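Below are the chains, spelled out letter by letter.
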Amino acid sequence: MFIFGVNFPEQRLVTRALQSFYGIGPAVSQTLMARFRIHKTAKIGDLGDRQVDDLAAELSTMTIENDLKRQMVDNIKRLRDMGTYRGRRHAMGYPVRGQNTRGQIMTSRKLNRIERRR
Amino acid sequence: MSSSVCLRCFKRALIPPESSSSLTTAHRAAFSTSPSLSANPPKKKPSVGKTQGKSQAKPGKTLRLTKNKRVQTGRPPAPGERKALRKRIVLSNTNALDVPGLENLTTENVKDTGRLRELEGRVLGFGEDTVDAMRALEAFKPGQGWSLFKRPAALVRKDMIELGEAVQNAKENNSVARRVVFGERGSGKSVLLLQGMAMAYLQGWVVLHFPEARPITNAQTAYQPIQTAEGETIYVQPHYIAGVLGNIAAANRGLLNDLRLSKQHKLPIPLQSNISLTRLVELGARDPQLAYPIWKAFLSEMTAPSQPEKQGQLRPPVFVGMDGVDHIMRMSAYLDTDMKPIHAHDLAIARDYASLLSGKTPLPNGGIVMAATSASTRPAVPTLDHFLARKHAETHAQALTTIRDALLDQAKTAKSIQDIDLTNLEALTPASFPPPLALQAQNLQYLVLRFHDQNASLHSLRKYLHSFAPKLPEWNPFEAMDQHVADVMQTGVGVTKMEGLSKEEARSVMEYYARSGMMRGAVTEGLVSERWTLAGGGIVGELERGAVRARF
Chain E
1 MFIFGVNFPE QRLVTRALQS FYGIGPAVSQ TLMARFRIHK TAKIGDLGDR
51 QVDDLAAELS TMTIENDLKR QMVDNIKRLR DMGTYRGRRH AMGYPVRGQN
101 TRGQIMTSRK LNRIERRR
Chain Z
1 MSSSVCLRCF KRALIPPESS SSLTTAHRAA FSTSPSLSAN PPKKKPSVGK
51 TQGKSQAKPG KTLRLTKNKR VQTGRPPAPG ERKALRKRIV LSNTNALDVP
101 GLENLTTENV KDTGRLRELE GRVLGFGEDT VDAMRALEAF KPGQGWSLFK
151 RPAALVRKDM IELGEAVQNA KENNSVARRV VFGERGSGKS VLLLQGMAMA
201 YLQGWVVLHF PEARPITNAQ TAYQPIQTAE GETIYVQPHY IAGVLGNIAA
251 ANRGLLNDLR LSKQHKLPIP LQSNISLTRL VELGARDPQL AYPIWKAFLS
301 EMTAPSQPEK QGQLRPPVFV GMDGVDHIMR MSAYLDTDMK PIHAHDLAIA
351 RDYASLLSGK TPLPNGGIVM AATSASTRPA VPTLDHFLAR KHAETHAQAL
401 TTIRDALLDQ AKTAKSIQDI DLTNLEALTP ASFPPPLALQ AQNLQYLVLR
451 FHDQNASLHS LRKYLHSFAP KLPEWNPFEA MDQHVADVMQ TGVGVTKMEG
501 LSKEEARSVM EYYARSGMMR GAVTEGLVSE RWTLAGGGIV GELERGAVRA
551 RF
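Residue numbers (the numbering used here), protein chains in the order written: chain E, 1 to 118; chain Z, 1 to 552.
In case anyone wonders, no lab produced these hints; they're calculated from the structure.
Owing to the predicted nature of the structure, the values given are computational and were not obtained by experimental measurement.
For each residue, glycine too, the CB sits at the ideal point set by N, CA and C.
One thing to keep in mind: the hints can contain errors.
Unchecked claim - Derived DMTMM-like pairs (lysine to aspartate or glutamate); straight-line CA-CA distance at most 25 Å:
(1) E:K43 x Z:E81
(2) E:K40 x Z:D336
(3) E:K43 x Z:E212
Claimed, not checked - Cβ pair distances, simulated, as ranges:
(4) Z:V71 x E:I105: 55 to 65 Å
(5) Z:G536 x E:M1: 52 to 62 Å
(6) Z:M481 x E:D49: 54 to 64 Å
(7) E:Y22 x Z:K266: 43 to 53 Å
(8) Z:Q313 x E:E58: 49 to 59 Å
(9) E:V52 x Z:E172: 52 to 62 Å
(10) Z:T62 x E:K69: 26 to 36 Å
(11) E:D49 x Z:S376: 33 to 43 Å
(12) E:Q71 x Z:P77: 42 to 52 Å
(13) E:Q71 x Z:T233: 32 to 42 Å
(14) E:Q71 x Z:K340: 26 to 36 Å
Here chain E stands alone, though its shape is the one from the complex (with noise of 0.2 Å):
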């Protein structure tokens, strides 16, 4: 069945789907089940017509996905077109809220970019 554009097999649960979205965690996949009252356990197939294009609907109008991750590159770039330290940090690939550098920042490595993509 297909939700926000992806085709998810019928057994799949609805949170985890809900979840595989960029910007939908469990707080979120929660608010949403609750407001179109769909169980915890519910899976794709579960799903009546109506929830599904509501929470189509719903998704629609959220900020998630692309949208997200281009509003998060937008703020890193804000950040270093103004030439603070933070957009520098980000840029250099260094950690950007003080850490120690000696080691273990595996994470800002990985994501920290000049043109984070994730």
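Starting from the structure of chain E, add chain Z where the hints point.
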């Protein structure tokens, strides 16, 4: 003084690697994003220990042993297979001996309360027909030890006889008995419920049963909002209700086949006006979307006045049971649109049961509404616990008040304290009272006997007796009470606490174990005493565990 910016980093950022001249930097922005700089940091050399897969462990870091490798043996269990195995009900053990002379719980036994009383303390089997019906209602549960014996049988206890009398009474006077059974884990609450249902079934009652209240509230089944006539929002659980209707149809088929619809119901589908109730219930069981309207229609048929003179309009008494009732006496795990938990009494099926339990839905043809709490899956239900404790204490407080009043009457007429008859007081066993009353009972006994021994004046005895009043558990006023639950429990619902077996009952059960060949050795006084004590004072589940399951 150290600068807030690391100068070394600053320098590195300012000076592009290709130029070493510091003169040009003055014309540039503090930080540039020109394409020459947008190259990513240089890649690590592959020799540093980089692996392809993310989850793959670094080589050399973990100990490689054959036992650390997960080996696939056989096929993995299919979806639902393990649960089916866990929930499987086995009611027979071919290796156990057939107990000679094991009587059955029959209609004749049950109809006559005198006869039933004679059977107290004996183990009675369930007939095949009863077993089928009870199995359809899911009244037998895994873990109750049915699989240890040749065929299902249970002890006739005092509580069961009281229940049998309540069944008789309800049948004769068209009255309704509403009762919550509570007690320790393994004390026989669910089996008492089963016996109650069996007795009702044998006398031609309609038996409705919710085998577990937990699946109603733990948000594992679909729910939909509907509006009641009063404008409240309640939630129906179509799939759950369909399952319950299926059970009801299977268990009461013989009876419901002869009963016909007596009213017009508002249903989403057109119905023939005179179909049998079995057909009606089966329709609901087949289509979850119809289940709730059909459940309502069925309930209203069951609560319609009986008209025996009309064909198919007889309405027998109804037995409504629910096990694990504490789960519907609290907030459910379902959420409403504002992310607030929904109270269990706002779930349609729990609401209907609660209104039967509170007597809001009358049963004009008589009936019993019985609930058993669950001790093994016990949720926190302070309000229910309070009312259970209080009502239980009330029944005992009655005994204390009677003794006090009798003493007071005697103290008024007697000439001296030595004339007062103390046999009732001496027979009092404070240990049998629930905790807050036990101490009071002990005090009453001790002080009055001391007055008697010291030959105190009658005046002082009277003064003491006047000041004596049993104290009942009170609700802590600083905590919020669950009003839904309080409304149900304040309506004259009776409570029964399941206590341990007496030694005679324990002996009878152990003899049954021995005759089934499931317990070796002779059943002697000493063995019974030992097992009874080890079972926490005759808790029947523990007795079985100690005597039959754990064989050393």
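Here's how the hints hold up against the structure:
1. The suggested pairing of E:K43 with Z:E81 holds, with an alpha-carbon distance near 18 Å, which does not exceed 25 Å.
2. Of the pairs offered as hints, the one joining E:K40 and Z:D336 holds, with about 12 Å between alpha carbons and a cut-off of 25 Å not exceeded.
3. Distance hint between E:K43 and Z:E212 is fulfilled; the C-alpha atoms sit about 23 Å from each other, no more than 25 Å.
4. One distance hint, 55 to 65 Å for the beta-carbon pair Z:V71 and E:I105, is violated here, with the actual separation near 38 Å.
5. For Z:G536 and E:M1, the hinted distance range of 52 to 62 Å is satisfied, since their beta carbons lie about 53 Å from each other.
6. Between Z:M481 and E:D49 the beta carbons are some 42 Å apart, a value that contradicts the proposed interval 54 to 64 Å.
7. In this structure, E:Y22 and Z:K266 meet the distance hint of 43 to 53 Å, their C-beta atoms being roughly 48 Å apart.
8. Checked against the hint of 49 to 59 Å, the pair Z:Q313 and E:E58 passes, with Cβ atoms roughly 51 Å apart.
9. Evaluation of the 52 to 62 Å hint for E:V52 and Z:E172 yields a pass: the beta carbon distance comes to about 56 Å.
10. Look at Z:T62 against E:K69: about 35 Å separates their beta carbons, and that is inside 26 to 36 Å.
11. Checked against the given bound of 33 to 43 Å, the beta carbons of E:D49 and Z:S376, roughly 41 Å apart, stay inside it.
12. E:Q71 and Z:P77 have their C-beta atoms about 45 Å apart, which keeps the hinted 42 to 52 Å range intact.
13. A hinted range of 32 to 42 Å for the beta carbons of E:Q71 and Z:T233 is consistent with their spacing of about 37 Å.
14. For the pair E:Q71 and Z:K340, the supplied restraint of 26 to 36 Å holds, since their beta-carbon distance comes to about 30 Å.
Hints 4, 6 from the earlier list are contradicted by this structure; the remaining hints agree with it.
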